[in-house]
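Asks: With the first letter of the sequence shown counted as 1, position 44 gets the number 44 in full-length UniProt numbering; the numbers rise by one all the way through.
Any given hint might turn out to be false.
What the hints assert, rightly or not - The calculated DSS-like cross-link candidates involving lysine-lysine, where the alpha carbons are at most 30 Å apart (straight line), are:
#1 K47 to K27
#2 K53 to K22
#3 K53 to K27
The set of hints was computed from the structure by calculation and includes no laboratory data.
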Amino acid sequence: MEKCAPGQEVTVLAGTDVAVEKEEYDKELEDRLYPLDEVELQERVKKIAEARKEL
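Using the sequences plus the hints, can you model the full thing?
Replies: Following this line, the structure appears as structure tokens:
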């Protein structure tokens, strides 16, 4: 990294590439954004119960 004089920090930082990370929603938060109807809710409850039995 090059040395810089006081006041040049902005130019050093401006030349640095920064990777942008995609924000990922938590699955629980996403479920709250899109409410389920009763039929879908019952199916999901059954799937969760079956998955717990397998453990």
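Asks: Does each hint hold? Answer for all of them.
Replies: Cross-check of the supplied hints:
With a C-alpha separation of about 16 Å, the suggested pairing of K47 with K27 holds against the 30 Å cut-off. For the suggested pair K53 and K22, the alpha carbons sit about 35 Å apart, so the restraint of at most 30 Å is broken. For the proposed pair K53 and K27, the alpha carbon gap of about 22 Å is at most 30 Å, so the pair holds.
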